[in-house]
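Visitor: Listed here are the chains, written in short residue letters.
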Amino acid sequence: MSNIAIILLPFLILIGTMIICLLLEAFNIARKFTPPITIIGGFLALYSVILSVNGDTVHLFGNPDDFLDINFPSGIMVIDDFYRFFAIIFLIVLVFVAISSSDYMKTDHNLGVYYSLLILATIGMMVLAAANDLLLIFVAWELASLPVYSLAAYQKSRAETSESALKFFLIGAMSSAFILFGISLIYGITSSTGSSTPTSLETVVTSFTDLSLSNFSPLHVLALMFLFVGFGYKMAAVPFHAWAVDVYQGTPTAITTYLAAGSKAMGFAAIMRIVIEGLTDLGEIWGIIFAVLAVLTMTLGNVVALVQTNIKRMLAYSSIAHAGYILIALAAAANEPVASISGLIDISVGSFSIAAAEFHILTHAVMKIVAFTVVIVVSFSVGSEEINDYAGLRKRHPWIVFAMTIALLSLLGVPPLAGFISKLFIFFSAIYADLIWLAIIGVLNSAISVYYYIRVIKLMILDPPAEELLESHTVSVESLKTYRIPMSYAMAIGIGVILIILIGVIPEAIFDFAVNAATSFTRT
Amino acid sequence: MITQILFGENGFGVLTLIFLLPILAALPTWFIGRVREGLARYLALLVSLITFAIAILVWMMYDNNPLLPSSLHVGHAASGEWVLVENIQWIKSLGMSYSLGIDGLSLPLVLLSGFVFFIAILASFKDIHEREPAYYAMILLLETGVMGTFLATDFVIFYVAWELVLVPMFFLIGIWGGPRREYAAIYFFIYTHVASMVMLLGIIGIWLESAKYTDSGMGTFSFSELTGISQQFGNGAFVLLIFLALLFGFIVKVPSVPFHTWLPLAHVEAPTPGSMILAGLLLKMGGYGLMRMSGWFLPDALTEFAWLVAIIGIVSLLYGAWVALRQVDMKSLVAYSSVGHMGIVLLGVATQTQEGFAGAQYMQIAHGIISPLLFFLAGTIGHSAHTRDIPKLRGFAKNMPITAAVLVFASFASAGLPGLAGFWSELLVFVALFKWAQILAFIGIFGIVFTAAYYLWMLQRTVFGDKNPELAHAHDVSHWSQYAVLGLLSLFTLVLGLFPDWLLKLMTEATAFFASQF
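Listed in order, the protein sequences are those of chains A and B. Everything in the first sequence is counted per the working numbering, starting at 28 for the first residue and increasing by one. Everything in the second sequence is counted per the working numbering, starting at 8 for the first residue and increasing by one.
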């Protein structure tokens with residue numbers, strides 16, 4: 028880990044891949060080669076991150092004299108385990124989306140552009156996870172958001188796609204404005220103290236650390252509020268969730284996967300970096316804010332999901348509910364006691380809860396990838412995204428139904444699947460932080476959620492195929508009979524299911540890595 | 008070599024085999040069934056037989072049976088200790104491990120599970136003809152869950168196995184069940200899942216509480232460590248909260264009034280073998296959890312809440328019997344009788360004495376054999392007479408003499424006729440109850456009376472009397488598997504009634520330890 032090129036290798040690989048994709052586009056051979064190249068590039072980048080897990084913390088670009096010095100104690104980027112954890116999530120999502128896109132987008136044009144936008148967004152997210160400076164966070168935020176806006180609008184001939192892309196863009200632009208305004212307020216606070224790096228997170232931390240509960244200024248609170256709102260949009264936390272459902276529904280499903288698994292994780296990465304790292308001493312305030320957001324988010328997500336008839340909308344609400352579970356862990360992070368129990372927490376305050384949140388973000392991403400890929404397959408095979416049309420699906424696609432069942436049971440939290448382990452950690456963190464009431468509300472929500480997941484399983488497996496299915500659809504009988512699942516989807520779903528089971532059965536390595544990631548950044 | 012493997016000195020041992028053999032065989036069973044439809048049932052039967060045989064081997068090892076070479080004897084287990092323990096770290100930083108073990112409390116239940124699964128698969132031969140491969144795969148999956156619940160000596164593994172049971176049971180009810188199967192399956196799933204989630208909170212709570220008392224200062228999920236510090240838990244508010252959370256999880260599974268509503272529905276709609284497993288084993292998981300928690304981990308909390316457990320028990324006993332009187336569907340009647348009988352288990356535990364506990368455990372085993380028999384009879388009657396409604400079954404003994412005879416036998420056994428399995432448990436529990444709280448024993452006796460009453464009334468309305476002309480088509484059991492099921496279950500009912508000492512001796516160590524905790 029001595030060379031800056033090695034440290035930044037994942038970024039370099041991704042940038043290289045992106046350039047190749049664009050070049051192929053120029054030579055008009057993009058259609059054939061870009062999907063495999065993106066998958067390989069994404070996989071190589073993933074591998075290079077995995078090779079460096081549990082590694083050192085390095086600050087980059089901080090030394091004004093030697094820009095590439097990697098031994099300087101501070102910098103605008105920090106390559107630590109927290110970054111690595113999220114980079115792994117983003118890259119997994121990239122690889123999976125690229126795999127399923129290779130079939131999903133095959134009739135569209137300019138595939139080189141499509142894949143390079145996908146890679147560009149991933150680079151933005153990774154930079155965001157590593158950013159140690161408010162301005163860089165904002166730049167990375169935009170870098171990650173703008174390509175996704177265009178991706179959401181990619182199939183522009185479909186009316187609902189254009190509508191949802193426009194909605195997505197407007198809301199996204201607004202949330203960026205909120206974030207920028209919050210940052211400028213913080214800049215105002217910190218620069219008045221004469222700091223030479225007024226936006227670096229260390230300065231921000233110091234500025235907030237000096238405050239006690241009695242003497243914080245309204246300006247601090249206002250700045251925090253703006254950041255909360257801005258990031259809350261990306262996390263789709265209630266009350267900033269309304270866009271998510273429409274956008275998830277209207278967007279091409281491959282990109283919906285990217286939104287649900289990737290963009291959401293980015294919102295959490297940002298809020299964890301800024302709020303939790305920065306503001307440990309104001310924990311009592313943001314702990315309550317997180318707790319209230321958690322209750323609202325998961326309750327609304329679960330209750331509204333009950334009445335959805337469209338599977339993408341249902342999964343979108345389930346995604347909102349899961350954001351609520353993650354917020355439980357963030358609320359717990361604020362209240363986590365200082366190492367009262369040795370062994371578990373011989374690490375700094377809040378890190379167990381943060382680890383639980385990170386773990387759930389990872390498992391949620393994998394589960395949603397599988398679920399949405401199944402939705403793609405079914406939408407091609409049956410020609411519908413209505414939940415009722417999943418009736419009797421097992422007759423047509425037994426393996427797809429098996430995969431969907433595993434994914435839904437995991438979302439529901441049935442052991443020994445990944446979703447159970449991460450939910451266990453989250454409730455663990457809540458009780459550990461003495462938030463028993465929050466854990467109980469979480470459990471009640473989990474109970475509500477049983478119904479809408481089980482309903483889909485019931486329809487797929489227990490119900491006979493509805494006879495009127497054929498008549499009510501535009502799809503002809505022939506195409507209903509002959510749909511063969513393309514290799515790419517089968518691969519994405521298969522690997523996803525294996526991951527769900529493996530993470531559930533042997534979670535130790537990943538959990539320890541998550542704890543490391545949490546420790547590395549709460550210590551700063 | 009063999010000794011090493013069996014004792015799990017290299018990590019995995021014989022208990023892992025019992026735990027994982029069924030789930031590993033589930034997928035092959037499904038595949039083979041897809042290739043040749045008829046083979047799945049025989050493979051499943053074989054796997055369950057092997058599992059049962061291994062369970063018997065474990066029993067002989069535990070019992071230091073002279074038939075085994077002495078190198079396979081486990082020796083005499085210390086009180087409150089597990090033997091044949093396997094312990095592999097799972098998530099080290101939270102102190103979770105993959106840990107299995109066996110003691111005087113769990114061994115009888117493991118044997119019972121091996122037996123009932125074997126019987127249930129036999130009972131499926133005549134009943135289940137639809138989607139056989141998937142059916143037998145689900146049964147095997149279920150067996151892993153049930154076995155794991157009894158074998159686990161780590162709370163997280165316990166919970167994983169406990170929850171694992173839900174999914175196959177959901178499909179068993181939902182695919183192969185009666186007319187309202189989908190409603191029943193979803194109802195069952197949601198009800199028990201909610202209870203499990205509450206239980207999970209209790210499990211996390213016990214981890215946090217235990218951190219105060221362990222040497223390392225770290226919380227633990229390990230049963231043996233929790234047992235070691237069980238006397239220190241005391242009855243603080245947090246401990247009582249944990250007790251209530253766990254108790255809720257357990258009594259929903261038992262199930263006790265007022266959380267019993269899922270049971271009659273699930274039973275009526277489940278296929279016959281599903282009902283047999285549900286009544287024979289799934290309810291026992293709740294009883295086992297209650298015994299384990301109150302005797303081994305939180306004895307002081309039980310002392311505090313004994314009145315609550317006893318009241319729930321007595322209400323279940325009376326209410327179950329009372330409602331059973333009014334049932335029309337025979338399966339529903341047996342289901343309510345289960346609610347009542349499991350109430351006796353709660354009563355036995357609440358007395359906190361050796362007799363009471365032994366009686367409760369005896370009831371678990373006896374009921375685990377008698378209720379599958381009753382459900383099998385009800386299923387067979389329903390299958391053959393096309394109705395399970397008691398008023399319509401008048402005089403069915405004329406067409407189905409064997410079924411009727413066994414029904415009489417099983418009903419008497421369930422009502423606690425001396426000489427049959429049900430009697431000893433009621434005797435022991437009521438002896439203990441008289442010492443502990445006479446008024447409760449006095450009230451409880453009425454439950455026994457009602458139990459006898461509804462069985463006699465049911466018999467009087469069905470077996471005897473003039474034959475209902477609609478039953479002309481009904482025919483008696485004819486398939487060899489049906490004879491085997493009836494014969495084996497009746498045999499064990501009789502054996503447990505005549506030689507209670509076999510079973511009581513097996514659990515002496517556990518009952519003594521239970522009593523010593525108070």
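Calculated directly from the structure, the hints in this document are not laboratory data. Hints are supplied without guarantee of correctness; some may be wrong.
Unchecked claim - Using 25 Å as the maximum straight-line C-alpha spacing, the simulated DMTMM-like pairs for lysine to aspartate or glutamate come out as follows: (1) K99(B) with D490(A); (2) K422(A) with E189(B); (3) K219(B) with D539(A); (4) K422(A) with E44(B); (5) K422(A) with D130(A).
Unchecked claim - Residues on chain A that point at chain B, a partial pick, calculated with CB under 7 Å: (6) K183; (7) S244; (8) P245; (9) I315; (10) V319; (11) L323; (12) P443; (13) F455; (14) A466; (15) I481; (16) L489; (17) V532; (18) E535; (19) A536; (20) F538.
Stated by the list, open to error - Some chain B residues well away from chain A (every beta-carbon gap over 10 Å; in silico): (21) L52; (22) G181; (23) S488.
Every residue gets a Cβ at the ideal spot worked out from N, C-alpha and C, and that includes glycine.
Visitor: Hint by hint, say whether it matches the structure.
Guide: Here's how the hints hold up against the structure:
Of the supplied pair hints, the one linking K99(B) and D490(A) is violated, its CA atoms being roughly 43 Å apart against a limit of 25 Å. Distance check on the hinted pair: K422(A) and E189(B) sit about 18 Å apart at the alpha-carbon level, within 25 Å; holds. Among the hinted pairs, K219(B) with D539(A) is consistent with the structure: their alpha-carbon atoms are about 24 Å apart, no more than 25 Å. Annotation: proposed proximity of K422(A) to E44(B) holds, straight-line Cα distance about 17 Å (limit 25 Å).
Straight-line distance between C-alpha atoms of K422(A) and D130(A) comes to about 23 Å, which keeps the hinted pair within the 25 Å bound. For K183(A), the interface hint is violated, the least distance from its beta-carbon to any beta-carbon of chain B being 42 Å, above 7 Å. Proximity of S244(A) to chain B is violated relative to the hint, the smallest CB-CB distance being about 38 Å (cut-off 7 Å). The interface hint given for P245(A) is violated, since its Cβ lies 38 Å from the closest Cβ of chain B, which is over the 7 Å cut-off.
For the restraint placing I315(A) at the interface with chain B, the shortest Cβ-Cβ distance is roughly 21 Å, beyond the 7 Å limit, so the hint is violated. Because the smallest distance between the Cβ of V319(A) and any Cβ of chain B comes to about 21 Å, over 7 Å, the interface hint for this residue is violated. A hinted interface residue such as L323(A) counts as satisfied when its beta carbon comes closer than 7 Å to some beta carbon of chain B; here the least separation is about 20 Å, so the hint is violated. For P443(A), the shortest C-beta to C-beta distance to chain B is roughly 5 Å, which falls under 7 Å, so the interface hint holds.
Because the closest C-beta pair between F455(A) and chain B is about 5 Å apart, less than 7 Å, the hint holds. Contact between A466(A) and chain B, as hinted, is supported at the beta carbon level, the nearest pair being about 6 Å apart and thus within 7 Å. With 7 Å as the threshold, the beta carbon of I481(A) comes within range of chain B, its nearest partner Cβ sitting at about 6 Å, so the hint holds. At its closest, the beta carbon of L489(A) sits 4 Å from a beta carbon of chain B; the interface hint therefore holds under the 7 Å criterion.
A distance limit of 7 Å between C-beta atoms decides the matter here; for V532(A) the minimum to chain B is near 9 Å, and the interface restraint is violated. Hint status for E535(A) relative to chain B: holds, with the closest Cβ pair at about 5 Å, below 7 Å. For A536(A), the suggested interface contact is broken, since its CB lies about 10 Å from the closest CB of chain B, more than 7 Å. Of the supplied interface hints, the one on F538(A) holds, with its beta-carbon coming within about 6 Å of a beta-carbon of chain B, less than 7 Å.
Every C-beta of chain A lies more than 10 Å from that of L52(B), the closest at about 24 Å, which supports listing it as non-interface. Interface exclusion of G181(B) from chain A breaks down, the closest Cβ pair being 4 Å apart, not more than 10 Å. Its beta-carbon lying about 27 Å from the closest one in chain A, S488(B) satisfies the requirement of being farther than 10 Å from that chain.
In the structure shown, a violation is registered for the earlier hints numbered 1, 6, 7, 8, 9, 10, 11, 17, 19 and 22, in ascending order.
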